[in-house]
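**Student:** Please model the complete structure; the sequences and the hints are all you need to start from.
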Amino acid sequence: MQRIGVFVCWCGSNIASTVDVKKVAEVLKAEPGVVISENYQYMCSENGQALIRNAIKEHSLTGIVVCSCSPRMHEATFRRTAESAGLNPYMVEIANIREQCSWIHKDMEEATEKAIILGRSAIAKLKLNAPLTSGESAVVKRALVIGGGIAGIQSALDIAEAGFEVDIVETSPTIGGNMAKLDKTFPTLDCAACILTPKMVDCAQNEKIDILTYSEVESVKGFVGNFKVQIRKKARFVDEKKCTGCGECMQKCPSKKGLNDFNMGLNTRPAIYIPFAQAIPNVAVIDPEQCLKLKNGKCGLCAMKCNVNAIDYTQKDEIIEREYGAIVVATGYKPISLENFNEYGYSQYKDVVTSLELERLMNAAGPSEGHLVRPSDHKEPKVITFIQCVGSRDTSGCGKPYCSKICCMYTAKHAMLIREKYPDTEVHVFYIDVRTPGKNYDEFFRRAVEQYGVDYVKGMVGKVYEENGKLMVQGADLINNEQVVIPSDLVVLAAAIEPSPTVRKIATMVTASIDTNNFLTEAHAKLRPVESPTAGIFLSGVCQGPKDIPETVSQASACAAKVIGLLAKDKLKCNASVAHSDETLCSGCSVCANVCPYGAITYVDKEFRLGGGKTELRRVASVNPAVCQGCGACTVTCPSGAMDLKGFTTGQIMAEVDAICKR
Amino acid sequence: MQKLNELALEKAKTLLANGTVARVLGWKKGELGYDLEPAVFYSESDLEGFIYNAFSGANLSKYLIEESKKEGKVLVFLKPCDSYSFNQLVKEHRIVKENVYTVGIECQGKLDVKKLKEKGIEIVDGVIENVDDVTVISLGKEYNFVKEEVLLGKCSVCEKHLLSYDEVISLHDKRTPKLDRFEIVKKLEAMTADERYAFWKGELSKCIRCNACRNVCPACNCLKCVFDNDASGIASKANSDSFEEKLFHIIRAFHVAGRCTDCGECSRVCPQAIPLHLLNRKFISDINRLYGEFQAGEDDVTKGPLTAYTTGDAEPSEVFGGNK
Numbered sequence: 000m001q002r003i004g005v006f007v008c009w010c011g012s013n014i015a016s017t018v019d020v021k022k023v024a025e026v027l028k029a030e031p032g033v034v035i036s037e038n039y040q041y042m043c044s045e046n047g048q049a050l051i052r053n054a055i056k057e058h059s060l061t062g063i064v065v066c067s068c069s070p071r072m073h074e075a076t077f078r079r080t081a082e083s084a085g086l087n088p089y090m091v092e093i094a095n096i097r098e099q100c101s102w103i104h105k106d107m108e109e110a111t112e113k114a115i116i117l118g119r120s121a122i123a124k125l126k127l128n129a130p131l132t133s134g135e136s137a138v139v140k141r142a143l144v145i146g147g148g149i150a151g152i153q154s155a156l157d158i159a160e161a162g163f164e165v166d167i168v169e170t171s172p173t174i175g176g177n178m179a180k181l182d183k184t185f186p187t188l189d190c191a192a193c194i195l196t197p198k199m200v201d202c203a204q205n206e207k208i209d210i211l212t213y214s215e216v217e218s219v220k221g222f223v224g225n226f227k228v229q230i231r232k233k234a235r236f237v238d239e240k241k242c243t244g245c246g247e248c249m250q251k252c253p254s255k256k257g258l259n260d261f262n263m264g265l266n267t268r269p270a271i272y273i274p275f276a277q278a279i280p281n282v283a284v285i286d287p288e289q290c291l292k293l294k295n296g297k298c299g300l301c302a303m304k305c306n307v308n309a310i311d312y313t314q315k316d317e318i319i320e321r322e323y324g325a326i327v328v329a330t331g332y333k334p335i336s337l338e339n340f341n342e343y344g345y346s347q348y349k350d351v352v353t354s355l356e357l358e359r360l361m362n363a364a365g366p367s368e369g370h371l372v373r374p375s376d377h378k379e380p381k382v383i384t385f386i387q388c389v390g391s392r393d394t395s396g397c398g399k400p401y402c403s404k405i406c407c408m409y410t411a412k413h414a415m416l417i418r419e420k421y422p423d424t425e426v427h428v429f430y431i432d433v434r435t436p437g438k439n440y441d442e443f444f445r446r447a448v449e450q451y452g453v454d455y456v457k458g459m460v461g462k463v464y465e466e467n468g469k470l471m472v473q474g475a476d477l478i479n480n481e482q483v484v485i486p487s488d489l490v491v492l493a494a495a496i497e498p499s500p501t502v503r504k505i506a507t508m509v510t511a512s513i514d515t516n517n518f519l520t521e522a523h524a525k526l527r528p529v530e531s532p533t534a535g536i537f538l539s540g541v542c543q544g545p546k547d548i549p550e551t552v553s554q555a556s557a558c559a560a561k562v563i564g565l566l567a568k569d570k571l572k573c574n575a576s577v578a579h580s581d582e583t584l585c586s587g588c589s590v591c592a593n594v595c596p597y598g599a600i601t602y603v604d605k606e607f608r609l610g611g612g613k614t615e616l617r618r619v620a621s622v623n624p625a626v627c628q629g630c631g632a633c634t635v636t637c638p639s640g641a642m643d644l645k646g647f648t649t650g651q652i653m654a655e656v657d658a659i660c661k662r
Numbered sequence: 000m001q002k003l004n005e006l007a008l009e010k011a012k013t014l015l016a017n018g019t020v021a022r023v024l025g026w027k028k029g030e031l032g033y034d035l036e037p038a039v040f041y042s043e044s045d046l047e048g049f050i051y052n053a054f055s056g057a058n059l060s061k062y063l064i065e066e067s068k069k070e071g072k073v074l075v076f077l078k079p080c081d082s083y084s085f086n087q088l089v090k091e092h093r094i095v096k097e098n099v100y101t102v103g104i105e106c107q108g109k110l111d112v113k114k115l116k117e118k119g120i121e122i123v124d125g126v127i128e129n130v131d132d133v134t135v136i137s138l139g140k141e142y143n144f145v146k147e148e149v150l151l152g153k154c155s156v157c158e159k160h161l162l163s164y165d166e167v168i169s170l171h172d173k174r175t176p177k178l179d180r181f182e183i184v185k186k187l188e189a190m191t192a193d194e195r196y197a198f199w200k201g202e203l204s205k206c207i208r209c210n211a212c213r214n215v216c217p218a219c220n221c222l223k224c225v226f227d228n229d230a231s232g233i234a235s236k237a238n239s240d241s242f243e244e245k246l247f248h249i250i251r252a253f254h255v256a257g258r259c260t261d262c263g264e265c266s267r268v269c270p271q272a273i274p275l276h277l278l279n280r281k282f283i284s285d286i287n288r289l290y291g292e293f294q295a296g297e298d299d300v301t302k303g304p305l306t307a308y309t310t311g312d313a314e315p316s317e318v319f320g321g322n323k
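Protein chains in written order, with numbering that gives the first Met the number 0: chain A, 0 to 662; chain B, 0 to 323.
Each hint should be verified, as a subset may be incorrect.
What the hints assert, rightly or not - Partial pick of chain A residues on the chain B-facing surface, computed with a CB cut under 7 Å:
no., residue
1, P532
2, R618
3, T636
4, S639
What the hints assert, rightly or not - Straight-line C-alpha distance at most 30 Å; calculated DSS-like pairs for lysine-lysine:
no., chain 1, residue 1, chain 2, residue 2
5, B, K302, A, K613
6, A, K605, B, K72
7, A, K504, B, K302
8, A, K457, A, K469
What the hints assert, rightly or not - Anything over 10 Å on all C-beta distances counts as not near chain A; from chain B, calculated:
no., residue
9, E30
10, D34
11, E70
12, H92
13, E97
14, K114
15, E121
16, I136
17, S137
18, L203
19, S204
20, K205
21, A211
22, L277
23, D285
Calculated from the structure, these hints are not laboratory results. Backbone N, C-alpha and C fix where the C-beta goes; we use that ideal spot for every residue, glycine too.
**Tutor:** Pasting the structure below:
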């Protein structure tokens with residue numbers, strides 16, 4: 000005989016303002032099996048929980064239904080409550096009458112009726128619940144960081160600092176990411192390389208950190224605490240252990256016409272190259288598309304010149320397999336392609352550049368060695384016009400609907416640096432709004448305007464065209480309510496940023512969710528911002544949303560703290576809701592094993608009695624409960640209905656549906 | 000074509016005699032000339048009842064689930080379409096492949112008894128088959144037909160080839176189908192939802208729930224069918240209307256989706272002549288469209304598109320349009 004308790008929460012006014020909670024409690028009390036039904040202002044509060052605990056003891060309850068918020072919010076809370084009163088935690092069901100009822104309905108009568116139905120459905124399910132116990136699984140004490148930009152570097156350093164081993168997997172031949180390309184950083188204007196490269200060196204020297212550059216994550220299997228990852232180490236045709244980074248090979252390489260990615264394609268580099276002077280590892284790499292030896296077998300000059308015999312034209316991609324307890328995604332960003340913005344003439348005019356290209360043009364290690372010249376004729380520009388929000392806050396469909404967040408500040412930085420170094424240069428900035436919240440940020444922007452005399456024009460640019468050797472920037476000045484045309488020598492576009500294109504593939508591999516803009520979704524927008532909804536997957540840097548360096552570093556450290564919290568545990572409590580196979584129905588077809596993402600299902604030949612003294616050897620599925628994560632893929636795939644998920648059995652789901660449909 | 004029967008019989012006798020196989024799974028003469036039935040033959044004398052002709056439509060592969068478990072090898076004759084079901088069942092670990100000796104046998108299409116009856120032929124005394132035409136002897140008279148007129152629906156669109164066999168008996172090249180099997184699916188798809196509902200309601204209302212389709216279907220091989228399982232909670236459930244019961248066929252079509260080889264047995268055995276295979280064929284056409292051409296049973300290892308995930312899988316929005 001079941002003795003069920005129902006507890007209806009008001010959630011302050013969150014539920015009670017749209018749902019008649021007293022009526023819900025009263026109606027549900029009449030359901031068969033229900034012995035007590037209460038309502039309370041905050042069921043999750045200590046008093047609310049005490050009410051539940053006392054009721055469990057006083058009425059010898061066999062199970063409880065809490066009508067409250069989403070189970071994602073407080074299921075764990077109420078399970079603990081039940082457990083402390085001596086009830087199996089899996090004899091608790093949550094009816095979500097907040098997110099799925101009070102918050103989305105306006106009419107009290109309708110919402111109350113729906114809340115009652117949701118309560119009935121939870122009661123129907125609870126009646127089929129069985130007490131469950133969870134097992135334990137070990138934690139691999141090693142973390143994987145995908146992406147070697149400032150986010151990945153910071154997360155890795157912090158995790159290593161706590162004593163855990165970390166691998167950084169980076170697709171390009173060096174770590175450093177976008178930050179390594181920057182000239183100065185706001186709001187303090189210290190040089191990016193000066194503050195980044197020590198961190199890169201720290202990574203290289205830390206014995207807990209293994210840096211795998213020119214490598215990609217190939218596949219991810221397993222689950223929190225026990226991920227099995229395959230990493231493809233691409234052939235760089237140079238032995239990393241032998242190469243000293245002397246650069247002799249770069250001098251001798253005859254194929255020098257490759258576009259230099261590090262300088263945003265503003266100059267060229269040889270087929271064998273080290274991306275930049277402070278690259279980590281300081282090891283050359285050969286571009287197989289460009290290398291004459293690899294393309295047609297004729298050359299081999301670099302191998303001849305290399306004193307340490309590091310060049311190996313026969314090197315092949317290598318697949319490395321490693322195990323990790325936690326994975327940090329730090330895949331970063333790239334500026335959007337400007338093909339949808341022909342009005343600014345980016346593809347037409349050499350002297351229309353993006354802000355990231357300007358960083359390289361102003362950088363002492365850039366193509367013009369820090370001397371700001373225009374790409375077309377290498378002359379100093381006298382009038383420079385910046386256009387902000389190129390593709391940001393764009394709801395037309397050409398760009399991105401979101402604010403890229405960093406552009407206002409770096410444009411102010413660029414304008415200020417130019418006025419400082421080349422005081423006779425005129426600088427104009429077209430903007431929609433200037434957004435500079437943050438410590439010392441607005442002061443920084445005001446300095447650009449007030450101290451450095453940068454001309455800010457509120458308005459959008461209609462088009463950029465060439466006339467008499469000048470780039471004519473035609474736009475609206477909304478404050479003076481007039482059309483303006485500014486003849487400029489250089490036009491700089493603050494292109495929107497978007498998540499790195501690799502993120503979709505990574506998200507699929509680690510089963511992390513992404514939003515409509517391809518940013519990774521956090522477990523909770525406010526309260527769990529560095530965790531993905533998938534256990535064991537953490538988010539660091541711009542892959543989660545646009546942010547600047549200080550914010551990225553804070554998030555990277557927060558992410559590391561979460562990883563450390565996980566790796567510090569010796570055992571993780573397994574999910575008790577695991578699949579199991581009904582051997583009398585299983586025909587051994589293997590379909591469940593094919594779809595299981597965790598490799599939890601194996602097959603065994605088992606003897607079954609047929610009656611009449613006869614037996615039969617039959618192949619049946621067997622689930623390893625320590626590995627099963629309870630995703631349920633097997634239960635819906637099983638053609639025979641032999642697979643079922645404890646706590647979410649087909650019978651329970653059907654009982655819920657029946658209870659909802661019943662009039 | 001009569002030669003095929005002799006060759007098959009001879010093969011069965013030889014392999015039984017030399018001990019290669021312990022029994023033979025083939026077709027046995029029925030009480031009437033057209034009602035051949037699957038049978039197991041254990042000896043040369045048993046084999047007197049063996050026959051392979053234009054009425055040997057039955058797909059023998061499903062019987063191997065039980066036959067291949069027994070002691071000793073079983074010889075089975077597989078027509079091209081049967082060999083797909085055979086592969087599919089091997090893939091699902093339902094047939095012990097090592098216990099089966101497979102002989103592929105030429106098939107130029109099998110006759111539809113219902114079509115012959117429509118042409119007034121009630122009794123069959125004999126059949127003389129050629130590649131493109133067939134002569135049926137009924138009450139001493141000979142009736143000659145162009146194949147297309149009297150073939151089973153599945154045979155007139157058959158593009159299948161023998162896939163898996165230890166030996167093969169074949170004398171002629173396979174005839175090429177004149178029709179595309181998806182033409183009829185396209186016709187159904189072109190209907191409005193109301194028209195299509197009316198069509199299926201009309202067809203499925205003829206169903207008498209004899210379960211012949213389920214019993215014959217090689218993909219319907221659960222140890223215990225959900226419809227026979229009291230514990231499933233769906234047995235003895237009151238219907239909300241008279242048509243609900245007929246949704247059995249829709250449920251079954253979902254059940255075999257991705258595993259159905261389009262062998263057409265469901266329609267062949269239906270005593271009410273319901274074109275059940277069209278449900279399955281619609282699924283096959285959708286699977287092809289969503290995941291690329293896929294033929295269940297083409298081999299015994301490839302994972303089916305509905306039971307495997309690849310990052311290259313199409314998003315429904317990409318196939319059917321709409322926002323990403």
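**Student:** All hints are to be evaluated individually against the structure, with a verdict given for each.
**Tutor:** Going through the hints against the structure:
1. The restraint placing P532(A) at the interface with chain B is violated, with a minimum CB-CB distance near 19 Å, outside the 7 Å limit.
2. Using the Cβ-Cβ criterion of 7 Å, the hint placing R618(A) at the interface with chain B is satisfied: the shortest such distance is roughly 6 Å.
3. Interface restraint check for T636(A): the shortest CB-CB distance to chain B comes to about 6 Å, inside 7 Å, so the restraint holds.
4. Below 7 Å, beta-carbon pairs count as interface contacts, and S639(A) has one with chain B at about 4 Å; its hint therefore holds.
5. With a C-alpha separation of about 34 Å, the suggested pair K302(B) and K613(A) falls outside the 30 Å cut-off, and the hint is violated.
6. With a CA separation close to 22 Å, the supplied pair K605(A) and K72(B) stays within the 30 Å bound.
7. Taking the CA atoms of K504(A) and K302(B), the gap is near 22 Å; set against the 30 Å cutoff, the hint holds.
8. For the hint pairing K457(A) with K469(A), the CA-to-CA distance comes to about 22 Å; that is within 30 Å, so the pair holds.
9. Look at E30(B): its CB is around 32 Å from the nearest CB on chain A, clear of 10 Å, so calling it non-interface holds up.
10. Look at D34(B): its CB is around 30 Å from the nearest CB on chain A, clear of 10 Å, so calling it non-interface holds up.
11. Residue-level check passed: E70(B) sits 13 Å from the nearest beta carbon of chain A, beyond 10 Å.
12. Residue-level check failed: H92(B) sits 5 Å from the nearest beta carbon of chain A, not beyond 10 Å.
13. Under the 10 Å C-beta cut-off, the non-interface status given to E97(B) relative to chain A holds; the minimum distance is some 14 Å.
14. At roughly 33 Å from the closest C-beta of chain A, the C-beta of K114(B) stays outside 10 Å, upholding its exclusion from the interface.
15. Separation of E121(B) from chain A is adequate, the least Cβ-Cβ distance of about 40 Å exceeding the 10 Å criterion.
16. With a closest Cβ-Cβ approach of about 44 Å to chain A, I136(B) is found to remain outside the 10 Å limit, as its non-interface label requires.
17. Here S137(B) stays apart from chain A, with its beta-carbon at least about 43 Å from theirs, past the 10 Å limit.
18. With a least CB separation of 22 Å from chain A, L203(B) remains clear of the 10 Å interface cut-off, as annotated.
19. With a cut of 10 Å on Cβ distances, S204(B) stays outside the contact zone with chain A, its closest approach being about 25 Å.
20. Distance to chain A confirms K205(B) as a non-interface residue, since its nearest Cβ pair spans about 27 Å, more than 10 Å.
21. Every CB of chain A lies more than 10 Å from the CB of A211(B), the least distance being 20 Å, so the non-interface label holds.
22. Remark: the non-interface label on L277(B) is consistent with the geometry, its nearest Cβ contact in chain A lying 21 Å away (cut-off 10 Å).
23. For D285(B), the shortest C-beta to C-beta distance to chain A comes to about 18 Å, beyond the 10 Å cut-off, and the non-interface label holds.
Violated hints, listed in ascending order, are 1, 5, 12; each of the other numbered hints is respected by the structure.
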